[in-house]
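Peer 1: Work out the full structure, taking the sequences as your base and the hints as a guide.
As a plain string of letters, each chain reads:
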Amino acid sequence: MTASPMIVVDDLAVHFGEGRDSVRAVDGVSFQVHEGESYGLVGESGSGKSTVLRVLCGLQQQWQGRVTLAGAPLPKRPRRDFFLRVQMVFQDPYGSLHPRFTIDATLSEPLAIHGIGERRERVHRALEAVGLDPAFRFRFPHQLSGGQRQRVAIARALILEPRVLLLDEPTSALDVSVQAEILNLLARLRREHGLTYLLVSHDLAVVAHLCSRIAVMQGGQLVEQLSVEDLRRGSAATDYTRDLIAASSGEIIAQPAQST
Amino acid sequence: MSETLSTAGWRAWLLSERPQSALQARLGQAWLSWNAFQRNRLAMLGLALILLLVLVAAFAPWISPYEPNVQNLRLRLQPPGAAHWLGTDELGRDILSRIIHGARITLYIVTLVVVIAAPIGLLVGTVAGYFGGWVDAVLMRLTDIFLAFPRLILALAFVAALGPGIDNAVIAIAITAWPAYARVARAETLTLRRSDFIAAVRIQGAGAFRIIGRHIMPLCLPSVIVRVTLDMAGIILTAAGLGFLGLGAQPPAPEWGAMISTGRAYLLDQWWVATIPGLAICLVSLGFNLLGDGLRDLLDPKRRGG
Numbered sequence: 003m004t005a006s007p008m009i010v011v012d013d014l015a016v017h018f019g020e021g022r023d024s025v026r027a028v029d030g031v032s033f034q035v036h037e038g039e040s041y042g043l044v045g046e047s048g049s050g051k052s053t054v055l056r057v058l059c060g061l062q063q064q065w066q067g068r069v070t071l072a073g074a075p076l077p078k079r080p081r082r083d084f085f086l087r088v089q090m091v092f093q094d095p096y097g098s099l100h101p102r103f104t105i106d107a108t109l110s111e112p113l114a115i116h117g118i119g120e121r122r123e124r125v126h127r128a129l130e131a132v133g134l135d136p137a138f139r140f141r142f143p144h145q146l147s148g149g150q151r152q153r154v155a156i157a158r159a160l161i162l163e164p165r166v167l168l169l170d171e172p173t174s175a176l177d178v179s180v181q182a183e184i185l186n187l188l189a190r191l192r193r194e195h196g197l198t199y200l201l202v203s204h205d206l207a208v209v210a211h212l213c214s215r216i217a218v219m220q221g222g223q224l225v226e227q228l229s230v231e232d233l234r235r236g237s238a239a240t241d242y243t244r245d246l247i248a249a250s251s252g253e254i255i256a257q258p259a260q261s262t
Numbered sequence: 019m020s021e022t023l024s025t026a027g028w029r030a031w032l033l034s035e036r037p038q039s040a041l042q043a044r045l046g047q048a049w050l051s052w053n054a055f056q057r058n059r060l061a062m063l064g065l066a067l068i069l070l071l072v073l074v075a076a077f078a079p080w081i082s083p084y085e086p087n088v089q090n091l092r093l094r095l096q097p098p099g100a101a102h103w104l105g106t107d108e109l110g111r112d113i114l115s116r117i118i119h120g121a122r123i124t125l126y127i128v129t130l131v132v133v134i135a136a137p138i139g140l141l142v143g144t145v146a147g148y149f150g151g152w153v154d155a156v157l158m159r160l161t162d163i164f165l166a167f168p169r170l171i172l173a174l175a176f177v178a179a180l181g182p183g184i185d186n187a188v189i190a191i192a193i194t195a196w197p198a199y200a201r202v203a204r205a206e207t208l209t210l211r212r213s214d215f216i217a218a219v220r221i222q223g224a225g226a227f228r229i230i231g232r233h234i235m236p237l238c239l240p241s242v243i244v245r246v247t248l249d250m251a252g253i254i255l256t257a258a259g260l261g262f263l264g265l266g267a268q269p270p271a272p273e274w275g276a277m278i279s280t281g282r283a284y285l286l287d288q289w290w291v292a293t294i295p296g297l298a299i300c301l302v303s304l305g306f307n308l309l310g311d312g313l314r315d316l317l318d319p320k321r322r323g324g
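The listed protein sequences derive, respectively, from chains S and P.
Be aware that the first sequence starts at 3, since it is given in our numbering, and climbs by one per residue.
Be aware that the second sequence starts at 19, since it is given in our numbering, and climbs by one per residue.
One or more hints might be untrue.
As the list claims (entries may be wrong) - Pairs of lysine to any residue residues, derived as SDA-like cross-links and limited to a Cα-Cα distance of at most 25 Å, are as follows:
| no. | chain 1 | residue 1 | chain 2 | residue 2 |
| --- | --- | --- | --- | --- |
| 1 | S | K78 | P | D214 |
| 2 | S | K78 | S | E123 |
| 3 | S | K78 | P | V145 |
| 4 | S | K78 | P | A217 |
| 5 | S | K78 | S | L61 |
| 6 | S | K78 | P | V153 |
| 7 | S | K78 | P | W152 |
Unchecked claim - Distance ranges between label pairs, derived from CB positions:
| no. | chain 1 | residue 1 | chain 2 | residue 2 | range |
| --- | --- | --- | --- | --- | --- |
| 8 | P | L208 | S | R121 | 31 to 39 Å |
| 9 | S | H144 | P | G181 | 47 to 55 Å |
| 10 | S | R26 | P | L208 | 21 to 29 Å |
No lab work stands behind these hints, which were simulated from the structure alone.
Built from N, CA and C at the ideal position, the CB exists for glycine as well.
Peer 2: Right under this line is the structure:
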């Protein structure tokens, strides 16, 4: 393996609550994602996959273990510079955009926070990069469709030029016809910007489309890691993964093997 | 013809699907809201009453037929008639002129109370709601203390401590008014702080006060504005109550509550002395309530589509 690891997660544990009511949401999870790679975390809801993402982007600040992002250890209380390295796209584009902000204001806000100039030009470029007409700049989120909103959310995540993009079920709230557009957009942006993706999904078809390696999570633990070829062949080591594959096998096989 | 054309041009500009600037986008949204508001007849009536109050207060010296404080004991307690449309009081002062000048006092009290109480309530509520934990506990127990007393009683206590007068009445009412706004703002903040768009701005690196000031407060503002508008009637009544008890505006200021208080002695034989200022209070309170109801229908996120 020539590429250096961009994300190293070693023995990560997160628990919510205190004492006997304590729930271990993530329990001893370890994996590595290489620079420029697209890595998928799959599992049913409650398996802890979204919690791993929230730890990595600094939203979940109570955790144990060792995490390295872009060569530097993940701080427990991230400072502002940290967020220039990693950004996230949320699941629901209807809830992730401020309802009273125009698209322009939404995209300018991260630039204002970090004191970055040339905002007009950068907003313009970000909209073009995600395939949105610059005429959308002064619209409000409620004037956009779900797919358009998710494009804005992607543009917002990329406007700070992060090296790692965390994707939390980025297509599951969208119409099927729009899902493919967004997945292709994400694949193109990764190629163009040399981004590293960590994608969380319960949809194996989405993961198979975008990722080269996959980790399966169950009950807060990482059950198995496998390549996308293994996934397509259905050659999994554990029963749980085989069940997952069987549950959605039609979709994976129907999906043509696109090189992303 | 050209006029209708230019009106259509304005409408098209306001409702453009491709606004060219943030200002145009905001004005377009405001225009849509105004259109929705206009359809509510009662709210428009409320707005008209409030506009009337503002205009009367603004032009009081020019539209009042007499000086409000000039006494004429030969003409005391005149019934409504041609010379004095709403009659005269026990010192022969023209009641219409006093009502008109009293509008200024009412507007002054209401405006000052809102300017003081609404920002305090908004700030306390959003800070408590956003940070949670012990910050929330301390700030909310503080508001509970203020909410535990009836407003007029608390205002009476403060005025008694500070001394009678309009300015002290304003301070006292403002001190008793903010907890309600803090509650409203906190409730809104609690639902907002877990939302994805707040998480998104957090992982852009925004500090807590930027998030509260720029992202949360604008969304709490509509409910606070509605609450404030509906509270206006209560504020006016509290001010009138303090005036009635002699703790608000001092004579000879034509404050409506104080006018009712002096008219009380003549209520059976000279009904207009107390009734006219009572009607004025009633109309203005009604106006604010209708306006507040209309604003609530307009701004309530549960009723607003997409």
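Peer 1: All the hints need checking, so say for each whether the structure fits it.
Peer 2: Going down the list of hints, with the structure as the test:
Between K78/S and D214/P, the direct Cα distance comes to roughly 21 Å. Compliance with the 25 Å bound is thereby established for this hinted pair. For the suggested pair K78/S and E123/S, the alpha carbons sit about 34 Å apart, so the restraint of at most 25 Å is broken. Our distance criterion of 25 Å between C-alpha atoms is met by K78/S and V145/P, whose separation comes to about 23 Å. Our distance criterion of 25 Å between C-alpha atoms is met by K78/S and A217/P, whose separation comes to about 17 Å.
At most 25 Å may separate the alpha-carbon atoms for a hinted pair to count; K78/S and L61/S meet this at roughly 10 Å. For the hint linking K78/S to V153/P, the alpha-carbon distance of about 22 Å falls within 25 Å, and the restraint holds. For the given pair, K78/S sits about 21 Å from W152/P by alpha-carbon distance, which is consistent with the 25 Å threshold. For L208/P and R121/S, the Cβ-Cβ distance of about 32 Å falls inside the hinted range of 31 to 39 Å, so the restraint holds.
Against the hinted window of 47 to 55 Å, the Cβ-Cβ separation of H144/S and G181/P comes to about 52 Å, which satisfies the hint. A hinted range of 21 to 29 Å for the beta carbons of R26/S and L208/P is consistent with their spacing of about 27 Å.
Hint compliance for this structure: hint 2 alone is broken.
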